[in-house]
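Following the numbering used here, the numbering of the first sequence begins with 1 at its first residue and continues without gaps.
To be clear, the hints were calculated from the coordinates, so they are not data collected in a lab.
A couple of the hints might just be wrong.
[Claimed, not checked] With a straight-line cut-off of 16 Å between C-alpha atoms, the simulated EDC-like cross-links for lysine to aspartate or glutamate are:
#1 K246 with E256
#2 K203 with E235
#3 K343 with E317
#4 K48 with E65
#5 K115 with D321
#6 K199 with E235
#7 K204 with E235
#8 K179 with D217
#9 K351 with D382
#10 K472 with E75
#11 K228 with E208
#12 K212 with E251
#13 K530 with D104
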Amino acid sequence: MKEYLYKIFNKASEKLEYLKELELIFDKPKIETHGDLSSNAALLLTKKLKMKPREIAEEILNSLEIDPSIINRTEIAGPGFINFFFSPQYLAAIIKEIIDKPNDFGRSEKYMGKKANVEFVSANPTGPLTVGHGRNAVLGDTAANLLEWLGYSVDREYYFNNAGRQMRILGDSVKLRYKEFLGEGIDFPPDYYQGDYIKEIAKKLLEEQGNKLINEDPEGIFKAAAEKEIFKDIESTLIRLKIKHKVFFNENSLYEKGNIEKLLKIFEEKGLSYKKDDAVWLKLSQMGQEQDKVIVKSSGEPTYRLPDMAYHITKFERGYDLMIDVFGSDHNATYPDVLAGLKALSYEVEKIKVLIHQFVTITENGEIVKMSTRKANYITLDQLIDEAGSDVVRYFFNMRSAASHMNFDLSLAKKQSDENPVFYLQYAHARICSIIRMMEEKEEHIEPSTANLNLLNASEEQLLLKKLHQFKEEVLLSAELFEPHRICAYLEELASLFHKFYTFHRVLGIEKSLSEARLALVTAVRVVLKNGLSMLGVEAPERM
RNA sequence: GCGCCCAUAGCUCAAUUGGAUAGAGCAAUAGCCUUCUAAGCUAUAGGUUGGUGGUUCGAGUCCACCUGGGCGUACCA
């Protein structure tokens, strides 16, 4: 619909010079009687042209060459909006487009041939994924899906660190539990990993190797076993959410391959770093940041900034056109330093998009559950999936805008929730599938047909058609803004319109040509529901 | 103290990025199943968009200040 308006407006701008400089925006009015699409062009031009908005609107409208078979009514309304009403036959034509290429409807070729990298989850292997990681995982994977629908070839990447202090404590924790199983009295420090999974790893080592590990270095086999087990766990949790990373990037490799050293040298050569108090500092204050920061500690160990920058450089070297980092809000202070450092080295940091999501607060029986991996008083993502199911978990994390704090009511998730909107969407899909099954069982041969779409003139049918027209644009917007919750909102509206249609109109057992047209309509709705749900990573069941 | 994010119906959240009368779901009340799935539909009720100013044809959206919350603010990641 919008494409057509852009077309005729562009044509009109040959006659009306002032339209050329205007950024055209067509909105869908909230109120149905205000048309299908609306232009505020006249209002925006009031000041510049020093004319009354309604007069400008009239001039614009007169210079538009409108095909009456596409737009059958226009009006100038309110302060100077131009409202367009699309013809029923134009609206109905969308059905043909959808049915012709069901698997591709919603897809766009806008970014065909471009490569994107989406880095998400990236939890260090020190324990099971928590609910907080869940939000990160789902947002990242959905963003990747959406980019694929726009034509990008997408690599999903996981960046992890299996060195450093946290991992040392992990190895120590396992060894202590191992000793405990051997009957040694131990003193388990409160800041060690308290979770039961540590005991399980220790127990497994005991079963496999007996007591011969008692003199092993905690950082050797204990740490390695823990890392392996925990990663296996993380991957299997992600698989339950239909998430599979293509690349697992180990931070350590940046040291092993010399990337860190190389980068350090470049900073030094370019005079962007200096030594002070035995540490190396990056001149971030010259790069638009508040203050200089340490990149190599006086101990000789780099801080996170240096490997992070080296890591992003590898992404540039791998040739990505778009790089997305999905972070929790606790990272929001760190990435500007990294970007500033990269920019100082002339990398195109505009290609990096940082998607920050706010934290998930867990409440149970009205009380906030505080979470800490170390203390093991967290809810794991696995537990959540056990209780709510992966479709609900995926949908739930997708349905809120990433910028808003999210409240996850555990008691609600545990309930058999017909309150959950995901069922509402799936139910609409299942209902349509049921109609199609009934159709196939009919003695009289009947099938979806686009021959008589003009029969779809009931208001419920018209509303559905208009909603179908909006799908592509909604996908584009959701993907470009990284706002999957828009897809959820769209699908809920579509499902709602379908349920209303279903209540008032029959598809089968009516006059044949109308029945066939309605079959075509519901088939199209089914396609869009299915495609939309698949972007979100949610199943579209045929029966419920 | 400083930086980022948030505040919208009783609860959880939207609002086409500055548009016309702020919308859904849940919860509440009253109805609708002899015909394609009632996990559905219809109706009613629910609001000074945290507060005060400002910008303009027009503000939930932008700006300033204030109030209240989250996350940061390291030679931790």
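Hints and how they fare:
no.: 1; hint: K246 with E256; verdict: violated, 21 Å
no.: 2; hint: K203 with E235; verdict: violated, 21 Å
no.: 3; hint: K343 with E317; verdict: holds, 15 Å
no.: 4; hint: K48 with E65; verdict: violated, 24 Å
no.: 5; hint: K115 with D321; verdict: holds, 5 Å
no.: 6; hint: K199 with E235; verdict: violated, 20 Å
no.: 7; hint: K204 with E235; verdict: violated, 19 Å
no.: 8; hint: K179 with D217; verdict: holds, 13 Å
no.: 9; hint: K351 with D382; verdict: violated, 34 Å
no.: 10; hint: K472 with E75; verdict: violated, 26 Å
no.: 11; hint: K228 with E208; verdict: holds, 15 Å
no.: 12; hint: K212 with E251; verdict: violated, 32 Å
no.: 13; hint: K530 with D104; verdict: holds, 11 Å
When each numbered hint is compared with the structure, violations occur for hints 1, 2, 4, 6, 7, 9, 10 and 12.
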